[in-house]
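Chemist: Each chain, written out:
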Amino acid sequence: MFLQESTPDTTIYMIMGYAVFSILSAGYAISLLARRRKLLKKTETITRMQSEDTNSSIH
Amino acid sequence: MQPNQHLRILTISSMLMLVLSIYMVFVYAPLEIVMGAVQRVFYYHVASGWIGALAFLITLICSILYLATRNLKWDHVALSSVEIGVVFTSMNIVSGSVWARPIWNTWWTWDPRLTTATIMWLLYAAYLMLRQSLENPQRRRTFAAVYGIVAFVSVPLTFAAIRIWRTIHPVIIGSSDPSAEGNFEMTPPMRNAFFFSLFTFTFLYVTLLWHRIRLEQLTVQVAAMQSRLLNKLST
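Line order of the protein sequences matches chains A and B.
When the first sequence is numbered by this note's numbering, its final residue is 59 and no position is left out of the sequence of numbers.
When the second sequence is numbered by this note's numbering, its final residue is 1235 and no position is left out of the sequence of numbers.
Incorrect hints may appear among the rest.
Result set (DSBU-like, lysine-lysine): computed pairs, CA atoms no more than 30 Å apart in a straight line [stated by the list, open to error]: (1) Lys42/A <-> Lys1232/B; (2) Lys1232/B <-> Lys41/A; (3) Lys38/A <-> Lys1232/B; (4) Lys38/A <-> Lys1073/B; (5) Lys1073/B <-> Lys1232/B; (6) Lys41/A <-> Lys1073/B; (7) Lys42/A <-> Lys1073/B.
Partial chain B-side listing against chain A, Cβ under 8 Å, derived [said to hold, decoys possible]: (8) Arg1040; (9) Val1220; (10) Val1222.
Estimated spans, in silico, between C-beta atoms of each pair [unchecked claim]: (11) Arg35/A <-> Leu1020/B: 27 to 33 Å; (12) Ile1033/B <-> Leu33/A: 21 to 27 Å; (13) Val1146/B <-> Pro8/A: 31 to 37 Å; (14) Pro1156/B <-> Asp53/A: 51 to 57 Å; (15) Thr1118/B <-> Thr7/A: 17 to 23 Å; (16) Thr1115/B <-> Ser6/A: 32 to 38 Å; (17) Asn1071/B <-> Ser22/A: 54 to 60 Å; (18) Glu44/A <-> Tyr1028/B: 46 to 52 Å; (19) Leu1229/B <-> Ile12/A: 51 to 57 Å.
Note that these hints are calculated values from the structure, not bench results.
The beta carbon of each residue, even a glycine, is placed where N, CA and C say it ideally should be.
Starting from the given sequences, assemble the full structure and let the hints guide the process.
Modeler: Here it is in structure tokens:
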């Protein structure tokens, strides 16, 4: 390090570093969205089943 | 669950701040002359480490509050915070390894800071596994709260590792060990970009935490609906 004359080209490592940040943060955001969608779908299904059950008990 | 206007504003603000911080890191902050472009990893590397520590501190506080009050909301915050903390600590460790390759000439070394950070990551990953493995909700919450308190010992230890042991990991704020590799003097624009990154990540943490807590509330709501339906169908 002390004997170097010019700034080393470490751009590839910088790109790799920021790729890590991007992939992990995007992955986490996608996982939050996917889990939310799955739960909302489940809520819809349960609500539908409840209403079907109520209708059948009336008839 | 209704969309929350405040959360929407917070999410958009976080995104805008993230864009601004990217500008500050890549355009506003100058190129570090000894390490070159890889030094720019520093801004998000430290910020993600800070969020890991902050998230685990919030877990500690919420775990204590849960044990004291048995209020479910504290358990939701503790779990949400651990999950975010593990994600940001992963970013911190992996980006540090990428930075180390050109500077230390190795991807990994069992340096005190790297070792304590890995132990911390493993402890909190185990927290998430512990929660998955316990069936009884009451037991799960109590065990997780106790574990969340005990595991926090690893956080100050990780922070202090580069200050109490001989290490090659640099200390940017404060004085480094003479054997540290990758030290640099921060110029005022570098310092501005650094503190802005810390602020942006903190903002991002609050936004993610809010989203994650809402997700946990929805999970509980769905579980309650499911058990009500099962009870109804069985009678």
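Chemist: Each hint: holds or not?
Modeler: The hints, checked one at a time:
| no. | hint | in the structure |
| --- | --- | --- |
| 1 | Lys42/A <-> Lys1232/B | holds, 17 Å |
| 2 | Lys1232/B <-> Lys41/A | holds, 20 Å |
| 3 | Lys38/A <-> Lys1232/B | holds, 23 Å |
| 4 | Lys38/A <-> Lys1073/B | holds, 22 Å |
| 5 | Lys1073/B <-> Lys1232/B | holds, 27 Å |
| 6 | Lys41/A <-> Lys1073/B | holds, 24 Å |
| 7 | Lys42/A <-> Lys1073/B | holds, 22 Å |
| 8 | Arg1040 | holds, 5 Å |
| 9 | Val1220 | violated, 10 Å |
| 10 | Val1222 | holds, 5 Å |
| 11 | Arg35/A <-> Leu1020/B: 27 to 33 Å | holds, 29 Å |
| 12 | Ile1033/B <-> Leu33/A: 21 to 27 Å | violated, 42 Å |
| 13 | Val1146/B <-> Pro8/A: 31 to 37 Å | violated, 49 Å |
| 14 | Pro1156/B <-> Asp53/A: 51 to 57 Å | holds, 54 Å |
| 15 | Thr1118/B <-> Thr7/A: 17 to 23 Å | violated, 31 Å |
| 16 | Thr1115/B <-> Ser6/A: 32 to 38 Å | holds, 34 Å |
| 17 | Asn1071/B <-> Ser22/A: 54 to 60 Å | violated, 37 Å |
| 18 | Glu44/A <-> Tyr1028/B: 46 to 52 Å | holds, 47 Å |
| 19 | Leu1229/B <-> Ile12/A: 51 to 57 Å | holds, 55 Å |
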